[in-house]
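Colleague: For reference, the chains in residue letters:
There are 2 protein chains.
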Amino acid sequence: MLWIESMKNDRVKKWKKLLTRKGREKERLFLVEGHHLIEEALKEKIVKTIIIDEEKEVPKEWTVNEKEIVRVSKNVFKEISETETPQGVIAVCDMLKQQKLTYDQGKYLLIDRVQDPGNVGTMIRTADSAGFDAVILGKGCADLYNGKTIRATQGSLFHMPVYQHILEEIVNGLKINSVKVYGSALKGARDYRSVEKTDSFGLLVGNEGEGVQEQLLAMCDEKVSIPIFGQAESLNVAVAAGILMYGLSN
Amino acid sequence: MLWIESMKNDRVKKWKKLLTRKGREKERLFLVEGHHLIEEALKEKIVKTIIIDEEKEVPKEWTVNEKEIVRVSKNVFKEISETETPQGVIAVCDMLKQQKLTYDQGKYLLIDRVQDPGNVGTMIRTADSAGFDAVILGKGCADLYNGKTIRATQGSLFHMPVYQHILEEIVNGLKINSVKVYGSALKGARDYRSVEKTDSFGLLVGNEGEGVQEQLLAMCDEKVSIPIFGQAESLNVAVAAGILMYGLSN
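Protein sequence lines correspond, in order, to chains V and U.
If you want this note's numbering, it's the 1-based position in the first sequence plus 12.
If you want this note's numbering, it's the 1-based position in the second sequence plus 12.
Simulated from the structure, these hints should not be mistaken for lab results.
Be aware that a few hints might be false.
Just so you know, same-sequence chains aren't split out, so a pair can sit in one copy or run between any two.
[As the list claims (entries may be wrong)] When the alpha-carbon atoms are kept at most 35 Å apart in a straight line, the in silico DSBU-like pairs for lysine-lysine are as follows:
id, residue 1, residue 2
1, K151, K68
2, K112, K79
3, K79, K60
4, K90, K199
5, K160, K28
6, K79, K38
7, K29, K57
8, K72, K199
9, K160, K34
10, K199, K57
11, K90, K235
12, K235, K55
13, K90, K187
14, K68, K192
15, K235, K160
16, K86, K109
17, K29, K192
18, K26, K209
19, K90, K25
20, K20, K199
21, K29, K86
22, K199, K109
23, K235, K86
24, K55, K199
25, K90, K29
26, K25, K57
27, K86, K187
28, K25, K38
29, K199, K187
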């Protein structure tokens, strides 16, 4: 088992680069922190290296090769950890490979420029719960491999096909295949409660402040909204997406 | 207009104490940051002092007395600000006064030990949107006056009666007044989609990891759950609360 205590070690420098989107995309690697999430990553066979804090142990039930474990000093661990109360274990993982996206009958969540990684991660978790077939992140969304996104998915990113793609193409692809696409909007939209529930549709949700872009919304088969009965101006996007994912499904 | 540039100034020290729950509860004051939220606080007439960054101006349309404005140096402002990209204005406010809680027909959200202030704030925002009459925070919840809670409410804490109270008493009070109480649970519960929608009920949701406490759940008229169709183990509590608040209401 390798032991690293210097911040200047090349591997430490490389890991630190994985804390940025640019670094992750260059190396096609990302970091996963904490026991539960790493166990999910192990099932997916994407773990390349396990970084363990000097005072912690790799759980015996994990099937990992000794060669893949690196023990590091407290200070080195802190440099790479992104959580407030670290569990002392981080995995370096290969980015997830997705099958080619098909436009079969099914349920699809399309996310337009949602910037908060917690919101993106929470929506992936909800899409998994609601039995969705895929989540598609358009340009301008928080990074799927951001530590906060991953933690908010609570592991659902390992179960749920998540694509990064141009949303116009996805909307068109779904419509060509007769999968109806609903765009969430605050105004000029139909109350979601009056929409007939189905098992095949696309749902498009948008940016925290601005909602879905106009040109994308215009491409949708129908605009849907959640009625506001009180004085709030809008709902949090992850909550709204949850209400719509369950509310539009059978 | 007062000008403060020293961190050692007594007012600065007092404001810094308002960053902790203990300090807020002692002084019965809290801080509100950013234009939108302060405008809501001004409407409620709870603003005592406006702290403005040396490079910013108090908007002309705000009806505030010159005596109530304190201009501070960049460094002092940073000490009190809790946001990543500060708008340069913070208001010191009196805690909100609530009418005595009645147990009339209506919709009530009861929150048991939800620890993340973002979750608590988001649920208050959703309760406002969904036309709920009151939110009750039980013991062990994130503080209503935590900066993160306030920001997540997006101002709904100023529109929505929010009480801090022992939940057992609330559940009993509602039941005595024939307001049905639903407790959210993962197991042994009825699918919320089969519950008849009404305009009068209590909904009890619980801690991120553990859910609602057993003894509280046992007091409810019925346990309800949201079906999980995928591989996720559970939903985020704020998303679940949103689905149930809308899903159980007319």
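Colleague: Looking back at the hints listed earlier, which ones does the structure fail to meet?
Modeller: 4, 11, 13, 14, 17, 18, 20, 23 and 27
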